[in-house]
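Using the sequences and the accompanying hints, generate a full structural model.
Sequence order for the protein chains is A and B. Residue numbering for the first sequence follows this note's numbering, beginning at 1 and increasing consecutively. Residue numbering for the second sequence follows this note's numbering, beginning at 1 and increasing consecutively.
Honestly, the hints are just simulated from the structure, not real lab data. All values reported here derive from a predicted model rather than from experimental measurement. Certain hints may be false.
Stated by the list, open to error - Computed list of chain A residues with no C-beta within reach of chain B, every gap over 10 Å:
#1 F15
#2 L100
#3 A107
Said to hold, decoys possible - Derived pair list, reagent style EDC-like, types lysine to aspartate or glutamate, alpha-carbon separation capped at 16 Å:
#4 A:K63 - B:D205
#5 A:K16 - B:D70
#6 A:K19 - B:D70
#7 B:K11 - B:D70
Idealized CB from N, CA, C, for every residue including glycine.
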Amino acid sequence: MGQYPNFRVIFQIDFKAGKPVYLQLVDQVRYAAASGALQPGDPLPSIRPLAEELRVNRNTIAKAYAELESQGVIETIPGKGCFLKENHSPFSKQVRHRLLITEIDEAVVMAHHLQVDRDKFLALVAERLDHFERKARETGDGK
Amino acid sequence: MNTNPPIIELKNLTRRYGALDAVSGLNLTVQPGRCYGFFGRNGAGKTTTIKCLLNLLQPSSGSLRVFGLDPQKHEVEVKSRLAYVPDVVAFYPWMTVNDALEYFASFRKHWNREIEADLLRRFQLDPRKKTTALSKGQKTQLALISAICPEPELLVLDEPTSGLDPIVRREFIETVIGAYQSSDPERRTVFVSTHLISEFEGLIDEFTIIAQGKELLSMEADQARDRFRKIRVRLPEAAPEINLDDALVVRRSGREAEILANGNGDALLEKLRAHQPEQLHVEALSLEEIFVASEALKKAET
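Below, the structure written as structure tokens:
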């Protein structure tokens with residue numbers, strides 16, 4: 001089966017998602033970090049076996065890891081590989097807010113087109129925050 | 001940024017067979033470290049182009065450079081730096097697997113024995129077996145081993161997986177990603193001609209589609225998947241007729257429509273949303289679907 005059995009995240013690639021493959025990998029690592037499936041200090045799979053497993057170009061994996069590193073999500077330790085970092089964003093509070101607002105705006109526009117009203121939208125946000133906190137707690141307890 | 005010459009550079013390449021232009025004014029550039037897809041229907045001119053790269057055929061006009069060199073003038077140097085896996089492979093019938101590998105190795109300055117042993121094990125090829133006793137899949141595997149062991153700067157694959165079973169195809173691609181690209185990825189370039197595009201989807205950085213010897217579309221794979229999108233929509237009963245002339249392809253059936261967008265997906269979506277569709281679904285086209293859609297592109301041009 002998998003060539004990285006100790007890794008708790010199963011990457012999935014969808015060429016029809018309309019999102020570059022390397023960004024799909026970036027999102028999945030960020031999601032795993034937010035939900036606690038990946039903990040600070042956890043290693044990421046090395047490039048070659050992951051590329052072979054997903055049957056994608058190794059440039060794609062390298063690009064995803066470079067992006068995660070520039071976002072401060074992972075760090076590379078020479079000769080050892082890539083590891084998930086403590087959650088310290090390298091950006092200032094202002095920049096962090098601006099980045100988040102862009103994402104929120106997209107959800108707001110989506111909600112408008114799906115006819116989801118303000119109260120329902122806010123309730124959904126609260127529900128998702130609870131969901132992630134619960135998942136992170138569960139994984140934390142399991143350690 | 002990059003001072004090295006491109007690995008492959010075709011300028012206005014033309015190759016005629018009598019009155020027929022098999023390749024007609026083709027331009028194409030492959031940078032080092034890329035995996036470049038070369039797609040086209042049978043007879044589109046793919047193999048003719050590849051034969052020109054290998055100096056098995058000479059261009060009628062235009063220019064052709066491999067590693068910055070003219071393959072006609074520097075045939076030995078060009079060939080010593082690349083390896084080629086054709087769609088049909090043949091070996092001398094009296095040779096065993098081991099004989100064949102030794103024979104190929106004798107032409108090469110460098111031969112990685114470790115990779116050789118590794119791949120023989122992985123493919124479960126018996127070195128003592130006669131090459132005539134190998135299945136089609138095993139022959140391709142042997143050709144792939146002999147192409148990868150010299151660790152060439154350029155790997156040229158011409159329809160390498162056609163006619164193979166799915167497991168062998170999968171292993172073939174994993175081997176190209178793993179064994180070939182593992183060391184020094186900047187100096188490992190792949191040029192693959194295929195119409196089994198979906199299998200190579202993850203590997204392709206950039207591609208050219210050719211039709212009737214001419215370039216139809218050249219793009220980065222990610223860009224292409226962003227530009228070509230399929231929209232499925234179901235409109236409410238009362239919706240008026242919407243003008244979708246700017247879509248690449250439209251298929252309608254009553255209130256439902258399937259629309260292919262060529263770079264104007266957002267504008268089309270906006271237009272459709274204005275009619276409060278009951279369902280609206282967007283997805284990127286896979287490279288294979290883009291290849292199929294390129295037929296429509298050709299029609300739109302003429």
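The hints, checked one at a time:
Not every beta carbon of chain B lies more than 10 Å from that of F15 of chain A, the smallest distance being close to 5 Å; the non-interface claim is violated. The beta carbon of L100 of chain A sits about 23 Å from the closest Cβ of chain B, which is more than 10 Å, so the claim that it is off the interface holds. With a cut of 10 Å on Cβ distances, A107 of chain A stays outside the contact zone with chain B, its closest approach being about 16 Å. For the proposed pair K63 of chain A and D205 of chain B, the alpha carbon gap of about 12 Å is at most 16 Å, so the pair holds.
A C-alpha spacing of about 40 Å is found between K16 of chain A and D70 of chain B, which places the hinted pair above 16 Å, so the restraint is violated. For the proposed pair K19 of chain A and D70 of chain B, the alpha carbon gap of about 39 Å is over 16 Å, so the pair is violated. Of the pairs offered as hints, the one joining K11 of chain B and D70 of chain B holds, with about 12 Å between alpha carbons and a cut-off of 16 Å not exceeded.
The structure shown violates the earlier hints numbered 1, 5, 6.
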